[in-house]
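*Asks:* Numbering-wise (the numbering used here), the sequence shown opens with residue 1 and increments by one.
Watch out, some of these pointers could steer you wrong.
Subject to a maximum C-alpha distance of 35 Å in a straight line, what follows is the list of computed DSBU-like cross-link-like pairs (lysine-lysine) [claimed, not checked]:
(1) K229 / K298
(2) K510 / K328
(3) K474 / K622
(4) K510 / K590
(5) K229 / K194
(6) K429 / K328
(7) K505 / K612
(8) K590 / K612
(9) K505 / K635
(10) K505 / K622
(11) K150 / K289
Across the chosen pairs, the derived CB separations fall in these ranges [unchecked claim]:
(12) E132 / A155: 26 to 32 Å
(13) G257 / A148: 40 to 46 Å
(14) P16 / A161: 28 to 34 Å
Hints listed in this document are in silico derivations from the structure and should not be mistaken for laboratory results.
The C-beta atom is built at its ideal place from N, Cα and C for all residues, glycine as well.
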Amino acid sequence: MQAGTGTGKSLAYLTPALLVDGPVVVSTATLALQNQLVEHDLPRLAAAVEPVLGRRPTFAVLKGRHHYLCLAKMEHADEEEPTDTLFDDAPPKATQWLGEAGKLGKQIQRLQAWSEKTKTGDRDELDPGVDETAWRQVSMPARDCVGAAKCPYGAECFAEASRARAREADIVVTNHSLLAVDMLADRHIVPPHKLLVIDEAHELADRVSSAAQAELTPDAIERSSRRAKPFLPPATAEQLAESADSLTVGLAETPAGRLTGGLPDMLRQAVTLLEAGTRAGLTAIGDIKGDDPDPVRKQQAKAALGDLSDTAQRLLEESDFDVAWVEKSDLGSGRRALVVAPLSVAGTLAQGLYEDRTVVATSATLTLGGRFDTVARSLGLPAAVPVVPTARNAVAETAAPGSLISGAPPTSGDNWTSLDVGSPFDYPKQGILYVAAHLPRPAASGLPDPAGEELLRLVEAIGGRTLGLFSSRKAATQAAELLRARTDLPILLQGEEALPLLVRKFREVKESCLFGVMSLWQGVDVPGDACQLVVIDRLPFPRPDEPLAAARSAAVDAAGGSGFASVSVPIAAIRLAQGVGRLIRSTGDKGVVAVLDSRLETARGYGAFLRKSLPPFWYTTKPEVALGALQRLGKS
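Whenever a hint applies, use it, and build me the whole structure from the sequences.
*Replies:* Rendered as structure tokens:
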């Protein structure tokens, strides 16, 4: 179900969910929506329906084990080696080491004090929070956990308590990542249920893909080797150290990007050595027994080597269903990784998501080119045929008409129907979509001079109030430098300060402009006159060096299709719709979306497809129309 901003879709699915016999699971992509449901929507709804139901419905939030304080890990938090967690990329200078170690120590002291009074152990309870380095000292990834039965703190475990609450709740709120891990690893974390609601469903396939992704780094091998060393023969520990050195050399000699002909020899040798070393290490560690002197640390060692072993075996198999690539950080850390991920998760979702339960998927961005088909296929659903819409201005499709309306629960993803409920916003009256069709095609990188001048004219016409969404950090920086040199407007640039602080300043300072890259394209909510111009520098197609998109496109081409049309265009459509959606956030908002990429108007085929994937703004390619509207808004 596609439901735009302001439709009240959360209450629309939560209210009937309370009538379902048994628990209902709601999954979100973002922490912000999860918190909104748990802290605002569900408490209000529970209070409202209590007189009708004769009882107050219960709800619980379910997060990954790593999100909760581990008392067993807390006991040894100050015993961890600093190098085990502090320095994941490169050795720092001594002064940096001392500064970071001191900061870490203070944060752990705060965590120790908090551990003695917290009732939930939930990281979100911490205010102010701690950084990831400190939190890793006191939290336990699921695979490292020995289980409540073998842990000396099992009876007091915060993660186990949260799962117990979830098993008793009417509605369980979780996230896509945990849902994916539960499905992929068959861990039964999420309680049995008959109805699953997936909000922000356009994000699900990517979150499942991320959960199924694995990587090898020299640093990870060294950390795991140190953790397992007390349980390993010296020869095995040496073999693991040698594999880390070998991987370091292999990654240095291999260019970043997708590996299309299998693993290069140097990387294959390193991974083969690692696989043999981890196999020997796991044999040496053996099973975790109740009378082990330190079962927690033994399980941590076993889990660390097990993860490396699984990833090494997966890379050596070179499955046609996996994509491997070398990743190198562009932030100056020198970090290198060998990564493997599934080519597609549609089959995984088809087999694991829909069986024996009803699934409701909702988002503001599910139709591309006016159809649900593309997103549906990415979620493992079969192709659909259009049916008669069931609501005014709605778009509907189905794979089995009436199958869900009848009330019979589906047994697979073969039966599905869809609905676009529209939006409460009057887009043609509230906004203009302006495409600068007179500009030349965008350059390979950066912000071309003609696009920069067009941006300057638009921003000056309204006097700031601009959210600039750019395809690269270079383009965003060039735009900021241009406007700082040619105007007196406050220009906020992503990366110069923490993003929440920048968004707050943008919201509070009416004449300001906020420029940034992909993380600004969704999740930024600035209603009112603080944001009345959204500028997009170019169509957000995946870059040629994005390994998964490139591999998926190549697979479609090899099968006789068009990888560009089947992969790149849908990705651009979703990203573009998310970016354009930053403009109108309430019924009183007005403004202009300006796209400085002429291809949205001039490209045959995909230009019209992309425009049809956007809200129905009043459309123009005339600069004078956009500038006139902005000048009127600027005076209001």
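*Asks:* All hints are to be evaluated individually against the structure, with a verdict given for each.
*Replies:* Verification of the hints:
no., hint, in the structure
1, K229 / K298, "holds, 10 Å"
2, K510 / K328, "violated, 39 Å"
3, K474 / K622, "holds, 28 Å"
4, K510 / K590, "holds, 15 Å"
5, K229 / K194, "violated, 46 Å"
6, K429 / K328, "violated, 47 Å"
7, K505 / K612, "holds, 33 Å"
8, K590 / K612, "holds, 20 Å"
9, K505 / K635, "holds, 21 Å"
10, K505 / K622, "holds, 32 Å"
11, K150 / K289, "holds, 8 Å"
12, E132 / A155: 26 to 32 Å, "holds, 28 Å"
13, G257 / A148: 40 to 46 Å, "holds, 44 Å"
14, P16 / A161: 28 to 34 Å, "holds, 29 Å"
In this structure, the earlier hints numbered 2, 5 and 6 are contradicted, and the remaining ones agree with it.
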